[in-house]
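Protein chains in written order, with this note's numbering: chain A, 1 to 379; chain B, 1 to 400.
Since the hints were derived computationally from the structure, they do not count as laboratory data.
Bear in mind the structure is a predicted one, so any value in this text is a computation, not a measurement.
Mixed in with the good hints there might be a few duds.
Ranges between beta-carbon positions, derived for each pair [said to hold, decoys possible]:
1) 211/B to 310/A: 41 to 47 Å
2) 279/A to 203/B: 58 to 64 Å
3) 312/B to 308/A: 15 to 21 Å
4) 17/B to 311/A: 34 to 40 Å
5) 278/A to 215/B: 31 to 37 Å
6) 354/B to 134/A: 43 to 49 Å
7) 47/A to 290/B: 53 to 59 Å
8) 279/A to 211/B: 51 to 57 Å
9) 211/B to 278/A: 45 to 51 Å
10) 344/A to 279/B: 49 to 55 Å
11) 215/B to 344/A: 52 to 58 Å
12) 30/A to 312/B: 38 to 44 Å
13) 224/B to 279/A: 42 to 48 Å
For each residue, glycine too, the CB sits at the ideal point set by N, CA and C.
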Amino acid sequence: MKLVLTEEEQFLKDTAKSFADERSPITHFRSLRDHNDPLLWDQDLWNEMTKLGWPGILIPEEYGGSDFGITGISVILNECAKTLTPSPLFATGVIGAYSITNFGTEEQKQKYLPKIVNGELTTSLAIDESSHHNPANTEIIAKKEGSNFIVNGKKTFVIDGASADLIILLARTSGNKGDMAGLTLFLVNSDSKGIDKIKLDMADSRNYANINFSEVEIPDSNILGDLETGGETVEDILDIGRIAMASEMLGNAEAAFEMTLDYLKQRKQFGVLIGSFQALQHRAAEMFCEIELTKSSVMGAMKAADEGSNELQRLSSLAKTVAGETLHLVSNEAVQMHGGIGVTDEYDIGFFLKRARVAEQIFGSSKYHTERYANLSGF
Amino acid sequence: MNDLDKFREDTKNWLDKNCPPSMRSGADPTIPVDEVWGGRNAKYKNPESKIWLDRMGEKGWTMPTVPKEYGGGGLTKEEVKVLNEEMFVIGAKSPLLSFGIWMLAPVLLEYGTEEQKKEHLPKIIKGEIRWCQGYSEPGSGSDLASLATKAEDTGDTFLVNGQKVWTSYADKADWIFALVRTGPKEPKHDGISFLLIDMETKGVTTKPITLISGKSPFCETFFDDVEVPKGNLIGELNAGWTIAKKLLQHERAFISNFGLAGAVAGAGSGRDVVSIAKKRLGEENGKIKNSFYRSEIASHKIKEHAFGLTLKRAGDEGGKASATASMFKLYGTEHNKKRHELMVAASGVDGLAWDGDEFDENDKNLTRAWLRTKGNSIEGGTSEVQLNVISKRVLGLPTQ
Ligand SMILES: Cc1cc2nc3c(=O)[nH]c(=O)nc-3n(C[C@H](O)[C@H](O)[C@H](O)COP(=O)(O)OP(=O)(O)OC[C@H]3O[C@@H](n4cnc5c(N)ncnc54)[C@H](O)[C@@H]3O)c2cc1C
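Looking at chain A on its own, in the form it has when it is part of the complex:
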């Protein structure tokens, strides 16, 4: 496993960087937020991303994708995160594309993948049911009735849940809360009868929803993967999501750090640049080191995913933990080092703080993954 980007991956990264800088600087996100946009992402921008082939990066060529791999999509998310670019790329291009490509039946693949590739279909993953990530705690029940399953219950904090066309739902077909066994994944059209999406207003102004399921009928043929093994399947999907999210969070941290460094080199107090104060210099140098460690952790995890390494789970938890801790530190220090202006709404740095805390929770916090890392490491 070589911890460097291939030429192709570097090319994707460079393209994403110019795209983010030119097409979606932070003002783009700010304007969506200010106008209380119902999607909180922009359809035209998503169309442009689609033209670049991004939703199809994880999808095989036979379904119209480019099959560039986890590293490929993750470096794009990394660059987009630097300007806080909102889009369905994570929930659809990573989660949806990966899930259906790897666990879908041939029929499901033909039905959904080409539509993901051309930007027609967006997806969301509905797992959690309380304020803390924990797939094993799934209580929502899918009850077999004839050739259908009937679902009742509530899912919380579904990313892109307010707008996604297709919901990937984790439900219990047997067993009890706390068991990883007895879970099954379903593909559910979000306009099915009995589905009620309640848009959430979160600190980071992104697209989330709580989703109520009341007597929702799902045909057998919509099971994703196998009955009762959804626990394993969803862990696999989540690990990919965690790696991609860690790459995004690294991008957030890199950008917030860069903005802070610029500020240290331009703001004067006591007649000198504040960046000449050692108290600030050392904290900046420490952040630099943490960011370097995060780059390596994310790189190790992305490469492990692409190479199908048996270290994938541990590296996914490693990446999510390290990225979470680094972003936590950097987002706090960035605000502090900006002084008063750092806590104003007008200045962009506060956006990174709000985005950071939400991202830290997505698919498990650093605490969750530290514990998982220890379990997987045998101590």
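Following the hints, complete the assembly by docking chain B with the ligand onto the known chain A.
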């Protein structure tokens, strides 16, 4: 069979014949273990330590990439990788610990004259001459460039007067590479020269300093009218600072390996935080029983893993060493200190054993090792100095 496969085969055979049994993993634990530093006065508790050093030195494999004409192995990078792998397979001990190898040789190769390279490199590689580092002085630690030990030009020789301090192993070393002031009127960085001095020269004396660990690995070193041949100057007169800094990068790169080397060597040897914690705090379903220790150890292990990946990434990127040496030095040493703190804490009061028969040898060694790590973030430039270097050179932050 391609050349590299052939090399592997030959290396395997050679190691098989030449690496003595006590120099490999699975050695008889009753045979005493030497810390082999070589030199004129080296003493060996186990004669096989010397045999192993001589054989590896003869091959030039203590510095495998150095050209053969200077006594090195003349191997390519790929061959060195093979050599390391084959040594790893049999658990071969590193034959020689050496400041000459880690610090001096790389700058000799870069700045030495042909004659100087031919004179000094083979002796470093064979472990015949043991070197020490004469940088720090009582008034010049972090502010190294303010050093005052002076070398006056007397025609044929330099006349050296002054004092060095914290000179590791000065009392055991044969030669010292020293920074001396040759240009008292020049700005401080532009009046320093890099000089090699034989410790047997008249006027050189050393006095050991005892550390908190109870050991005295380093000394004060005094120079009273010491005459040094002019041919011992490395590089140009008054251009020693550049060489000095280059050497520090090699030193820092080396020290940063402590962060990991210890961790790798620790696994299985009992000097490993997880096994200590499981043994002393209890184990339940394979987990460390005390959840507070467990979470702290897990966080530490995660950092260790991330640091390991960072070293690997730097290697894979092809080593922009100068930009990252300070980061690795800082991180590796702070990490090593933390690891020892955790091992001591997890050991309870036994982790503070000093002496006597009531305590296990391992525990007594751990106590001393823990105290020794406190020097890691001081030697080779303190952690604060590394942060300064990163702020200024890497991040480009302004000076006042
Ligand atoms: C185990 C060990 C082995 C050593 N071996 C050798 C050797 O073989 N040869 C040799 O020449 N030297 C050796 N040294 C010396 C070592 O290089 C010095 O101790 C080191 O450079 C620090 O200098 P000092 O001790 O004078 O501390 P000082 O420079 O006086 O530092 C005291 C404190 O002030 C801080 N400080 C100083 N300047 C700054 C600044 N600009 N900004 C912020 N903080 C600052 C330091 O970080 C430190 O915390 C060794 C030291 C140790 C501990």
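Outcome of the hint check:
For residue 211/B and residue 310/A, the hinted distance range of 41 to 47 Å is satisfied, since their beta carbons lie about 44 Å from each other. Between residue 279/A and residue 203/B the Cβ separation comes to about 45 Å, which falls outside the hinted range of 58 to 64 Å. For residue 312/B paired with residue 308/A, a C-beta distance near 19 Å keeps the hint of 15 to 21 Å intact. For residue 17/B paired with residue 311/A, a C-beta distance near 37 Å keeps the hint of 34 to 40 Å intact.
In this structure, residue 278/A and residue 215/B meet the distance hint of 31 to 37 Å, their C-beta atoms being roughly 33 Å apart. Checked against the given bound of 43 to 49 Å, the beta carbons of residue 354/B and residue 134/A, roughly 47 Å apart, stay inside it. At about 55 Å, the CB distance of residue 47/A to residue 290/B agrees with the hint of 53 to 59 Å. For the hinted restraint 51 to 57 Å between residue 279/A and residue 211/B, the CB-CB distance of approximately 31 Å leaves it violated.
The hint said 45 to 51 Å for the Cβ distance between residue 211/B and residue 278/A, and at roughly 29 Å that hint is violated. Separated by about 54 Å at the C-beta atoms, residue 344/A and residue 279/B satisfy the suggested range of 49 to 55 Å. The beta-carbon spacing between residue 215/B and residue 344/A, approximately 56 Å, falls within the hinted interval of 52 to 58 Å. For residue 30/A paired with residue 312/B, a C-beta distance near 39 Å keeps the hint of 38 to 44 Å intact.
For residue 224/B paired with residue 279/A, a C-beta distance near 43 Å keeps the hint of 42 to 48 Å intact.
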